[in-house]
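Chemist: Using the supplied hints, reconstruct the complex from the two chains, each of which is provided in its own coordinate frame.
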Amino acid sequence: MIDFDFIINIIVIIIVAIGLFFFFTATIGLLRFPDFYCKLQATGKGDTLGAVLILFGIVIYILKEDFSLSTILVSIKIFFIIFFIFLANPTATHALTKAGLDSGVIPLKKEVFKK
Amino acid sequence: MNRKVVTFLILFGLWCIFSGMFDIFHLTLGIISCLIITLVSGDLMFNEEKITKSHIVYGIRFIKYIPWLIYQIILANIHVAYLVLHPKMPIEPFVLEYKAKLKKDISKVVFANSIILTPGTITMDITKDNVFVVHCISRKVAEDLLTGEMEKRVAYIFGETIKN
Chain G
30 MIDFDFIINI
40 IVIIIVAIGL
50 FFFFTATIGL
60 LRFPDFYCKL
70 QATGKGDTLG
80 AVLILFGIVI
90 YILKEDFSLS
100 TILVSIKIFF
110 IIFFIFLANP
120 TATHALTKAG
130 LDSGVIPLKK
140 EVFKK
Chain W
461 MNRKVVTFLI
471 LFGLWCIFSG
481 MFDIFHLTLG
491 IISCLIITLV
501 SGDLMFNEEK
511 ITKSHIVYGI
521 RFIKYIPWLI
531 YQIILANIHV
541 AYLVLHPKMP
551 IEPFVLEYKA
561 KLKKDISKVV
571 FANSIILTPG
581 TITMDITKDN
591 VFVVHCISRK
601 VAEDLLTGEM
611 EKRVAYIFGE
621 TIKN
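Listed in order, the protein sequences are those of chains G and W.
All residue numbers for the first sequence refer to the numbering used here, where the first residue is 30 and numbers rise by one.
All residue numbers for the second sequence refer to the numbering used here, where the first residue is 461 and numbers rise by one.
Hints were generated in silico from the structure; no laboratory data involved.
Since we're looking at a predicted model, the values are computed, not measured.
It is possible that part of the hints are untrue.
What the hints assert, rightly or not - Taking lysine-lysine and the PhoX-like style, the derived pairs with C-alpha atoms no more than 25 Å apart in a straight line are: (1) W:548 to G:68; (2) G:127 to W:524; (3) W:612 to W:563.
If we strip away everything but chain W, and leave its shape as in the complex, we get (with noise of 0.2 Å):
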C-alpha cells in the first residue's frame, strides 16, 4: 500500500477518538482535513514509499518488546527508589562507552530510549561511529547492559543481525 494512504488512514482513525463525534458533518470535516495534511506532509511519517508486510512484522514484534520493558522500568524505579532512600547513597557513578551494532536509525532511537528507562543507565551521546555514552550510577546496572541483551532484543524486533 502506498504511504499516504496508510497516512491517510491513521490520521483519520486518530480524528475520529479526538473528537468523539460521529454525525455526517464532522466527519466530513474530518476527512477534508486529513486529506489536506496528507497532501502536505504525507512523507513524514514513513520513510519507504510503500508499505509492506515487514512493517506490519515490526509493529507487532514492537508490541511484544513492552511488557518486557515495563518490567524493566519497574526494576529500574525500584532501584532508584532505594538508591535514593538508602542512608548512605549508595552511588558510583561513571561514564561507559558502548559500541552498538544497530544500523538502522529507528532502532537506535529505540535502543537509545530503552536504555533510559532501565536500571541506572542514561544515554548521554550517540557518535558518528554508533557508540553510545552511557551514564551509569553504579557498577551492578553496567554489567547489566554489556550483556547486551536489550540491544538482542531490538534488533530482533526491527530485523537486524548482529554478530559477536
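Only chain G is shown next, with the shape it has when bound in the complex (with noise of 0.2 Å):
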C-alpha cells in the first residue's frame, strides 16, 4: 500500500532533480558556448528555471509536513523569492549584454537583418 507520505516525497524528489538537472546544463552551457554572449544565453534560462522549480519543491515540502499558519507564511515568502528571481535574473542578464554591447564586445558572427 503506497501512502500519500511517499506519493509527494517522489514528486518533489522529481521537481529538485528536474531544477538541479537545468542548473547542470547551465553550467555545462557557461563552459561549453564559445562567446560572451551565448554564455549569458545559457545561464540567464537555466538559472532562472532551475531555482524556481528547487524552490517550489521546498515549497511542496514544508506543507506536507506541517500545514499551519506558520509554514503557510513561509511558502508566501519563498513565493516571493520567486517573484524576485523572475523578475530579478532576465534584468540582470540584459544588464550584462548591454555593458558588454557597450564597451565593444562583438558578437561572435555578426549578422544584422531588419525587418
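Modeler: Take a look at the structure:
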C-alpha cells in the first residue's frame, strides 16, 4: 500500500531533480559555448527555471510536513523569492549584455538583418 | 483611489506576511513604519495619481499571461539543454534588430524580459526609436520572435493597439 507521504516525497524529488538538471545544463553551457553572449544565453535561462523549480519543491515539502499558519507564511515568503528571481534574473542578464555591447564586445558572427 | 492609500495597503500587507506576528504591538509598529514610508516615497510605485479600474484589469491580464510565459520558459530550457548536450553544439548566433510597436514603458519592460526568458533570445539593447536589438542563438528561434505573437500578447495586457 503506497501512502500519501510517499507520493508527495517522490513528486518533490522529481521536481528538485529537474531543477538541478537545468542548473547542470546551464553550467555546462557556460563552459562550452564559444563567446560572451552565447554563454549568457545558457545561464540567463537555466538558472531561472532551475532555482524556481527547486524553491517550488521546497514549498511543497514544507507544506506536506506541517500544514499550519507559520508554514503557509514561510511558503508565501518563498513565493516572493521566486517572484524576485523571475524579475531580477532576466534584468541582470540584460544588464550584462548591455554592458558588453557598450564596451565593444563583438558578437561571434555578426549578421544584422532588419525586419 | 489615491495612489498613497494603495501603496500603504500593499506595504502593510507585506509587513503582515513578513513579520508573521499578529499581536497589537507588532501591528502598531507596522502601521507606523508603513505610514512613514508612504509619506516619504508614496509616489514611486505608481505613475498615475489615481488608481482606476484599468490597473486592476492590467493586473488580472498579467496574471493570465504568466502560465503561457512559464510554458515558454520550459521550452527555452529544453532548447538550451538540447544545444548544450548535443556533441556538435549546433548554434549559429547572430544579431537581429526588431522594430517594436509598443509605446508604454511598462510594456517595453515586460516584453524585453519575456524575450530573455523565451527560447534562444536575449535583448541586448532598446534604442530610443523603439528598436529591440536581440541576440539569437539559432535561425529557428528568430523566426518564432518575428511572428510577433508575444508582442501581441504583451500589447493586449496593457491595453495597447498595434497596427501591422
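Chemist: Any of the earlier hints contradicted here, and which numbers?
Modeler: 2
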